[in-house]
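Participant: Read off the chains here:
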Amino acid sequence: MDLSTFVFYFFAGITLVSALFILFTRNILYAAFALMLTFLGVAGIFVFAGAEFIAITQILVYVGGILVLIVFGVMLTNRLQGQKVLTPVYRKLMGLIVGGGLFLILFKAIVEANFGAITWVSGNTQTEPTSLKKLGLTLMTDYVLAFEVIGILLLIALIGAIHMAGGKRKEVSDAS
Amino acid sequence: MYAFIFFLTFLLIYTIFAVYAERKISAFIQDRLGPMEVGYYGILQTVADLLKLVQKEDIVPTAADKKIFKPAPVIVFMAVFAGFAVLPLTSGFKGAEVQIGLFYLLAIISLDVVGILMAGWGSNSKYALFGAMRSVAQIISYEIPLGLSVLCVIMISQTLSLQEIIYQQGIYIQHLDEGAVNYLFGIKALGIETTNIGGILTWNIFRAPIFLIGYVIFFIASLAECNRAPFDIPEAESELVAGYHVEYSGFRWALIMLSEYGMMLLVSFLGAILFLGGWNSPLPNIGSFALADWTTGEPGTLPGHLWGGFWLIGKALIAVGVQIWIRWTYPRLRLDQLMNLSWKYLTPAAIILVLLSALWRLLMI
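As they're listed, the protein sequences go chains A and B.
Residues 1 to 176 in the numbering used here are what the first sequence lists, from first letter to last.
Residues 1001 to 1365 in the numbering used here are what the second sequence lists, from first letter to last.
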């Protein structure tokens, strides 16, 4: 087994074990911190696949942003009595059926699919690290519509968040 | 690999002297003597403290959440130390030469927020929790002006690679890009070429003079990132005892302290690389006095390594010194003042600066 295979299985293992831990732990906070490991593992796999930029974006957005927000939410809403934050388990059977079914569909599709036959996969066999310039240019030319739409969507979300959070409390002009 | 070993030892030695410097400078500012007992002028005081610290019992509070409490300092330190991986210390230094070094640095630094949250929550103490909450709120708020001021540099430099950003700020600009030239203040219309003059004239703060403001914004935001005074409300001794690490002792506490000083060094390095020319000499070539040539050294050669390391480490250590100086000069900001400063002054100023950088880039080409 060469080094790259070992590295791949290392990151895949981290992702898998932490994801399973999230499933089976009942402590929300442990789950949130295990989610960090999952994100890091996935970022490692991205680097392994030559997509450095996506990997770093994954860390920046998910670990630095969303995960912190989740933990913050749990802390601000639940800590007060000093007991641990546990989640009960509901509808085990239905959950198992839906989850298992989804897994089966995905598994079947991935096994059946012939990825080598897709033109944009077979046309891109070079393994050199992604050129950042190329990525930026493609983003601002071929995919500019999607890019701008996402930008506007984020702006709307931002304004919505400010509208929901602010404006209800009267500002006290003199803090003393 | 040698980058790892070098930075680990460097960080440890630097921290010992930085703590000593902190105590001596604070003593000077407050008209005291500071540590005087251990060694000549107390120079071994930190070493003695360190020996004491390592021998201390590692106390874990009974009510603490041990699974979260124990790894928290390691995560904080790892996040800060991982940032050093991409720093190009000299012109030929082979750290991790990734194309997206700057982006990686900003992302990996934000990981330490998770460690702080773990420490604050795991301690199961209200002081630690308050400290962690304040700290995280502050770090996330100040990441925005920090990121925006870094973005200005990216727009002028057109690259995310730290090594390339440094090369552009000196006499070896054509080493990576054949046709590249520098103009005075970056304005091509002036027609004064500074490519071969180098020195301070080609630093980013001179290539685009608006970066003087950019560096101030970056510096203020980086102070807040490190939880240093005047932004040390997360660790306010008079109300929170010590902030998120109040329950830690012994080696784990030492790790947290190490990462705090490491963070100071890291942002100082980053500021020096982005705005102050990195490993380039501040001395320009003046006529036959080729001071920049003499004090930079060809990339990859031994003089290149020695001069490069000297200038970059020197600049970073001066910035650390200024951080210490500011800590002992200014009073702590109140929480609302802190948020006001970030959201109402620094962030709008940084956004305007991004716009100006785009315009400046047009003048440069």
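Just so you know, the hints here were simulated from the structure itself, not pulled from any lab data.
All of these numbers come straight from a predicted model, not from anything done at the bench.
It is possible that part of the hints are untrue.
What the hints assert, rightly or not - Not the full set, but computed from the structure, chain B residues with beta-carbon under 7 Å of chain A: (1) Q1099; (2) I1100; (3) F1103; (4) Y1104; (5) I1192; (6) N1196; (7) V1354; (8) L1356.
Claimed, not checked - Derived pair list, reagent style DSS-like, types lysine-lysine, alpha-carbon separation capped at 25 Å: (9) B:K1188 / A:K133; (10) B:K1094 / A:K133; (11) A:K134 / A:K108; (12) B:K1056 / B:K1066; (13) B:K1126 / B:K1066.
Backbone N, C-alpha and C fix where the C-beta goes; we use that ideal spot for every residue, glycine too.
Participant: Now look at each hint and say whether the structure bears it out.
Facilitator: Comparing the hints with the structure gives:
1. Q1099: Hint on Q1099 (chain B): holds, closest Cβ of chain A at ~5 Å, below 7 Å.
2. I1100: Interface hint status for I1100 (chain B): holds (6 Å vs cutoff 7 Å).
3. F1103: Hint on F1103 (chain B): holds, closest Cβ of chain A at ~5 Å, below 7 Å.
4. Y1104: 5 Å, holds
5. I1192: Constraint on I1192 (chain B) not satisfied, violated at 29 Å.
6. N1196: Where the cut-off is 7 Å and the nearest Cβ of chain A is about 27 Å from N1196 (chain B), the hint is violated.
7. V1354: Result: violated, 15 Å to nearest chain A Cβ.
8. L1356: 21 Å, violated
9. B:K1188 / A:K133: 24 Å, holds
10. B:K1094 / A:K133: Given pair K1094 (chain B), K133 (chain A) holds - Cα atoms ~23 Å apart, limit 25 Å.
11. A:K134 / A:K108: Violated: K134 (chain A) and K108 (chain A) sit about 35 Å apart, past 25 Å.
12. B:K1056 / B:K1066: Within the cut-off at roughly 19 Å; holds.
13. B:K1126 / B:K1066: Since the Cα atoms of K1126 (chain B) and K1066 (chain B) sit roughly 16 Å apart, the hinted pair holds (cutoff 25 Å).
When held up to the earlier numbered hints, the structure conflicts with 5, 6, 7, 8, 11 and fits the remainder.
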